Amino acid sequence: KAGVTQTPRYLIKTRGQQVTLSCSPISGHRSVSWYQQTPGQGLQFLFEYFSETQRNKGNFPGRFSGRQFSNSRSEMNVSTLELGDSALYLCASSRGTTYGYTFGSGTRLTVV
Amino acid sequence: ELKVEQNPLFLSMQEGKNYTIYCNYSTTSDRLYWYRQDPGKSLESLFVLLSNGAVKQEGRLMASLDTKARLSTLHITAAVHDLSATYFCAVDTGDDKIIFGKGTRLHILP
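For the protein sequence lines, the chains are A and B, in the order given.
The opening residue of the first sequence carries number 18 in the working numbering; numbering runs sequentially from there.
The opening residue of the second sequence carries number 214 in the working numbering; numbering runs sequentially from there.
The hints are simulated quantities; they were obtained by calculation from the structure and are not laboratory data.
Keep in mind the model is a prediction, meaning the values are calculated, not measured.
Glycine is no exception: its CB is placed at the ideal position from the N, C-alpha and C atoms.
Fair warning: there could be bad hints in the mix.
[Unchecked claim] Where chain B lies over chain A, by a calculated footprint (3+ residues, C-beta under 8 Å):
1. 35-49
2. 72-83
[Unchecked claim] What follows is a list of derived Cβ distance ranges for each label pair:
3. Asn-231/B <-> Gly-101/A: 17 to 23 Å
4. Thr-24/A <-> Glu-257/B: 16 to 22 Å
5. Thr-290/B <-> Thr-127/A: 14 to 20 Å
6. Thr-241/B <-> Tyr-116/A: 37 to 43 Å
7. Gly-272/B <-> Thr-97/A: 25 to 31 Å
8. Gly-272/B <-> Tyr-27/A: 19 to 25 Å
9. Gly-253/B <-> Gly-75/A: 20 to 26 Å
10. Thr-127/A <-> Asn-265/B: 41 to 47 Å
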């Protein structure tokens, strides 16, 4: 059974650029969540999507956005990158909170 | 907003010893998750605890949930070096997100 797939695994971007990260959930999982992990702030919730609808959003600026497609795949976009956006971005999929969340391997973004 | 506190944040222990990691949270929830993270890796699901009094065990790890006390514990029995990792608890807020604790970095000395 395929797990949660995130692409790319690593990215290096320059300040001011924008970036798009992709997440393919486990087949049958309709909920996709995104988290940012940094040494200083830990794991912080970005947003959650279910059936193409954003159901919840964390306390991040509007530069962070996302979407979900009809096949449950999700993308997140960060515009006007800042040095502080350097982090590990993790995607998780779920078929319901009773079953918990399965995380992908993450995308490590470095902004220089 | 829901706050999740783990303690200790760092733990260095000898192989063969027992220890407990504590996870306290600030508002009502009856769903709590434990994850393991190895350096440079993603999060591996360990336990899903769904109700008051839930107890789950896997190998040398046992997790429990007391929703009335808003407390979960992760107990390590006879620690071995392979259990060295960072352990996170995460609490379901009930509105489609989970909030993580800061993690407990566990280092087991051979």
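Thr-127/A versus Asn-265/B beta-carbon gap, inside 41 to 47 Å or not: holds (43 Å)
19 to 25 Å as the expected CB spacing between Tyr-27/A and Gly-272/B, which holds or is violated: violated (32 Å)
Cβ contact check, 8 Å cutoff: the region 35-49 of chain A against chain B, three residues minimum: violated (count 1)
Within 8 Å of chain B's CB atoms, at least three CB atoms from the region 72-83 of chain A: coverage verdict: It holds, with 3 qualifying residues against the three required.
Whether the CB-CB distance between Gly-272/B and Thr-97/A falls inside 25 to 31 Å: violated (46 Å)
Tyr-116/A and Thr-241/B - C-beta distance against the hinted 37 to 43 Å: Roughly 21 Å apart at Cβ, these two residues miss the hinted range, so it is violated.
Range agreement (Cβ of Thr-127/A with Cβ of Thr-290/B, hint 14 to 20 Å): violated (39 Å)
Supplied distance hint 20 to 26 Å, evaluated on CB atoms of Gly-253/B and Gly-75/A: Holds - the Cβ-Cβ distance for Gly-253/B and Gly-75/A, about 24 Å, lies within 20 to 26 Å.
Gly-101/A and Asn-231/B - C-beta distance against the hinted 17 to 23 Å: violated (40 Å)
Beta-carbon spacing of Thr-24/A to Glu-257/B - inside the hinted bounds 16 to 22 Å or not: Given range 16 to 22 Å: holds, Cβ gap about 20 Å.
The structure fails to meet hints 1, 3, 5, 6, 7 and 8 from the earlier list, while all remaining hints are met.
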